[in-house]
Amino acid sequence: MTVSTHDGLGPAAADHLDLLEAEALFILREVAAECRHPVLLFSGGKDSAVLLHLAYKAFHPERIGCALLHIDTGHNYAEVIAYRDRMAERYACQLHVRSVEDSIRKGSVRLRHAQESRNAHQSVTLMEAIAEFGFDACLGGARRDEEKARAKERIVSVRDEFGQWEPKNQRPELWSLYNTRVALGDHLRVFPISNWTELDVWQYIQREDIELPELYFAHQRQVVRRGDILVPVTHLTPARAGDTVETVSCRFRTVGDISCTAPVASTAVNVADIIAETAQCLLTERGATRLDDRASEAAMEQRKKEGYF
Amino acid sequence: MNAIVNSSSDSFDTGTEPTTRPSGLLRFITAGSVDDGKSTLIGRLLYDTGNVAADQLASIQATSHKRGLAAIDWSLLTDGLIAEREQGITIDVAYRYFATARRKFIIGDAPGHEQYTRNMVTAASSADLAILLVDARKGVVTQTRRHAYLAHLLGIPELVLAVNKMDLVDWQPAVYHAIVDEFNAFVGQLGRHHVQAIPLSALNGTNLATRSEAIPWYSGPSLLEHLESSPARRDADVAPFRLPVQRVVRVMLGNAADGASDAEFRGYQGTLASGRLRLGDEVAVMPGGQRARVAGLSVADRDLAEAGADRSVVVALDSEIDISRGDMLCDPQQLPQVTKTLSADICWLSEQPLDLRRKYLVKHTTRSVNAVFAELSYRVDVNTLAYQPQPDSAQMNDIVRATLKLHQPLCADAYSDNRTTGSFIVIDPVSLHTVAAGVIVR
Chain A
1 MTVSTHDGLG
11 PAAADHLDLL
21 EAEALFILRE
31 VAAECRHPVL
41 LFSGGKDSAV
51 LLHLAYKAFH
61 PERIGCALLH
71 IDTGHNYAEV
81 IAYRDRMAER
91 YACQLHVRSV
101 EDSIRKGSVR
111 LRHAQESRNA
121 HQSVTLMEAI
131 AEFGFDACLG
141 GARRDEEKAR
151 AKERIVSVRD
161 EFGQWEPKNQ
171 RPELWSLYNT
181 RVALGDHLRV
191 FPISNWTELD
201 VWQYIQREDI
211 ELPELYFAHQ
221 RQVVRRGDIL
231 VPVTHLTPAR
241 AGDTVETVSC
251 RFRTVGDISC
261 TAPVASTAVN
271 VADIIAETAQ
281 CLLTERGATR
291 LDDRASEAAM
301 EQRKKEGYF
Chain B
1 MNAIVNSSSD
11 SFDTGTEPTT
21 RPSGLLRFIT
31 AGSVDDGKST
41 LIGRLLYDTG
51 NVAADQLASI
61 QATSHKRGLA
71 AIDWSLLTDG
81 LIAEREQGIT
91 IDVAYRYFAT
101 ARRKFIIGDA
111 PGHEQYTRNM
121 VTAASSADLA
131 ILLVDARKGV
141 VTQTRRHAYL
151 AHLLGIPELV
161 LAVNKMDLVD
171 WQPAVYHAIV
181 DEFNAFVGQL
191 GRHHVQAIPL
201 SALNGTNLAT
211 RSEAIPWYSG
221 PSLLEHLESS
231 PARRDADVAP
241 FRLPVQRVVR
251 VMLGNAADGA
261 SDAEFRGYQG
271 TLASGRLRLG
281 DEVAVMPGGQ
291 RARVAGLSVA
301 DRDLAEAGAD
311 RSVVVALDSE
321 IDISRGDMLC
331 DPQQLPQVTK
341 TLSADICWLS
351 EQPLDLRRKY
361 LVKHTTRSVN
371 AVFAELSYRV
381 DVNTLAYQPQ
391 PDSAQMNDIV
401 RATLKLHQPL
411 CADAYSDNRT
421 TGSFIVIDPV
431 SLHTVAAGVI
441 VR
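Protein chains in written order, with the working numbering: chain A, 1 to 309; chain B, 1 to 442.
Among the hints, a few may not be true.
To be verified - Label-pair ranges, simulated between beta-carbon atoms:
| hint | chain 1 | residue 1 | chain 2 | residue 2 | range |
| --- | --- | --- | --- | --- | --- |
| 1 | A | K168 | B | S343 | 31 to 37 Å |
| 2 | B | R357 | A | G163 | 31 to 37 Å |
| 3 | A | L184 | B | D417 | 38 to 44 Å |
| 4 | B | N255 | A | S249 | 40 to 46 Å |
| 5 | A | Q164 | B | Q395 | 25 to 31 Å |
| 6 | A | E161 | B | D417 | 40 to 46 Å |
| 7 | B | T142 | A | L184 | 41 to 47 Å |
| 8 | A | D160 | B | P429 | 15 to 21 Å |
| 9 | B | V238 | A | D160 | 42 to 48 Å |
Claimed, not checked - Going by beta-carbon spacing under 10 Å, a handful of chain A positions derived as facing chain B:
| hint | residue |
| --- | --- |
| 10 | F26 |
| 11 | K168 |
| 12 | E173 |
| 13 | L174 |
| 14 | D186 |
Stated by the list, open to error - Chain A side only, calculated, beta carbon under 10 Å to chain B, not exhaustive:
| hint | residue |
| --- | --- |
| 15 | F59 |
| 16 | R171 |
| 17 | N195 |
Just so you know, the hints here were simulated from the structure itself, not pulled from any lab data. Every residue, glycine too, gets a C-beta built ideally from N, C-alpha and C.
Work out the full structure, taking the sequences as your base and the hints as a guide.
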């Protein structure tokens, strides 16, 4: 394993990453100590990569004391799946994969049309997996800065048997005293990196030298422009008649279901470049004269939402 | 704020002067009445520090324009959670993030409505600093006192009195000073606090991210300057060493992590609640009181010679002592009290009132014990600060002084000495909800 190079001998106060890390380790250990059968949701994306690394640190010198669960939409980049398997092996974690495809076969998921995004259907498969294994806590890499509704979500959040989040009925969360008690049939969603921002995640990836799928770094890719969005040309999202296919230097800011994840134009080939780009992105947002990375990400999210209805 | 000495009434210190350099992370809350400009202040602060995304900005510009406003309504940034508003979850605390070159900030954004004491308490529990907004035209109002009291109750050491809408009183120093004096007189009664007062206009951004030349009579920092340099709680943490044990970690039968030694190992995982720990230090294992020395200290695969407050570590000791989750490693010279009785101030959070006949669960550090409320001494009216003696229950948002009897002892400190070992939550064993927050008085 890589060893961080920063000075860790001083008080944790010296560095906000130390504090965020310490908070995450604390939360992971609370779950490990108080929950009966926790599982770590691992998709192979950058946030779950950070979460897995934090789990390694939280349990050390024991190996990670819970299994990994991936809900496979069947629409993942092969590279991400290979990365997922490699990480599970490196950390000696049991990896459970449950696929939306199986739910479709069983009839619990019904698609409107074959090419529909399967993102929304993941939750059905997830709930089936939770019931199958009897998980009482699912550790996830969600962050509160991702979207507005998340800003109000607790670090430890109770879900009922339908997996529903009841925003009105959340438990107040005080100090670092997490209430992890759940009734039989309910389960917890726990987000140890709630307080991290996208930039924190990248800074931590750099500091800890965390391996990521290559998709996160700038590469040449065939895309089609649809408004502000670069749509990758893949077997699931082929070019339509009349489309102009371009080859551009781009990278993914988030890695998910192929049918709804778009790359952004970028020349950032390493983590340092990405950090600079992410910081720069905040500066250009002041001007607001054009839609930049983040805006297109939001636009993409909007598209995802529309796909639901 | 070391640079600001008490030469004027802008900075008012009733306690010890903070000394060390500020940490990389500050958690703060904003409080004030509904129309005092809290949302405007947050929105404007996010914008002026370059933390508003282009799409967010475009959206609130469009909405402001649509409503026929001449300028951008910054409150749309934080109040713009339309879907959430429709769902009626405005009572909740939202967490927001921004960063400058010097620091990262976490804002606990608690709604200002009067009935939501519990939200203020929730947000305040983890805050290092509280910004109390006052409308310059209205001055110190009941809500200001209430929030100052709650900030005091939750032990927030740093208070900022943001005197907003100063442009609407023509930046008159007399108006500002009268408000500051009144506030300081009130806070002085509560106890030790460091108060920084700042005259500003959130709407215009005056004295928010940058200091304004337009106010020659004010020599203090802008709000952002103050936030960037104000000490976080942990900066001045000189409390004795405490480490509640979260997990006992045992390497045996081949369960060692990749790269870790396969040799048998027994250690204790936890986060330093306070103080420092060095290799070779003697620690007391509470509640038993056995002594041992620190033989190993690490964060994952990195060995440390020393660790400070808030660090999540693994500790190995030089002697075999039976230690489990819920025990606490402590400074042997300054032990916590081991007690089965707590005297505490309780904020009741649940819609279901406190029931003196019922058994509850108290979670304190990493230990959970059964408890009953033996006595309620008084209820504090947070609006008037008047005491109502001997209440027979507590309703949601009530603050009561209570005595709890515990089935097993806890290793506790007074909250004023240690926010981690002095705080607890109360869980209803039937609903499993968190029903109260408690700060230990003794």
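* Can the hint on K168 (chain A) be confirmed by a CB-to-CB distance to chain B that is less than 10 Å? -> 5 Å, holds
* **Status of the hint placing F59 (chain A) at chain B (closest C-beta pair under 10 Å)** => Because about 7 Å separates F59 (chain A) from the closest Cβ in chain B, which is inside the 10 Å limit, the hint holds.
* To do: Note whether the CB distance of L184 (chain A) and D417 (chain B) lies within 38 to 44 Å or breaks it.
  => Holds, at about 40 Å.
* Indicate whether the distance between the beta carbons of E161 (chain A) and D417 (chain B) respects the range 40 to 46 Å. => 44 Å, holds
* Hint check for S249 (chain A) and N255 (chain B) - Cβ pair distance inside 40 to 46 Å -> Roughly 45 Å apart at Cβ, these two residues keep to the hinted range, so it holds.
* How about L174 (chain A): closest beta carbon in chain B under 10 Å, or not? -> OK, holds: L174 (chain A) within 10 Å of chain B, min 4 Å.
* Asked: Using the C-beta atoms of T142 (chain B) and L184 (chain A), is the stated range 41 to 47 Å upheld?
  -> 46 Å Cβ-Cβ, so the 41 to 47 Å window holds.
* To do: Mind checking the CB of F26 (chain A) against every CB in chain B and telling me if the closest is under 10 Å?
  => Holds: closest Cβ of chain B sits about 5 Å from F26 (chain A), inside 10 Å.
* Kindly confirm whether 15 to 21 Å is satisfied by the beta carbon distance between D160 (chain A) and P429 (chain B). => 19 Å, holds
* Hinted contact D186 (chain A) with chain B - closest CB pair below 10 Å -> Holds, about 9 Å.
* Go ahead and decide if the range 31 to 37 Å is satisfied by the Cβ distance of R357 (chain B) to G163 (chain A). => Since R357 (chain B) and G163 (chain A) have Cβ atoms about 36 Å apart, the given range 31 to 37 Å holds.
* Does the hinted range 25 to 31 Å hold for Q164 (chain A) and Q395 (chain B) at CB? -> The hinted range 25 to 31 Å holds for Q164 (chain A) and Q395 (chain B), with Cβ atoms some 28 Å apart.
Of the numbered hints stated above, none is contradicted by the structure.
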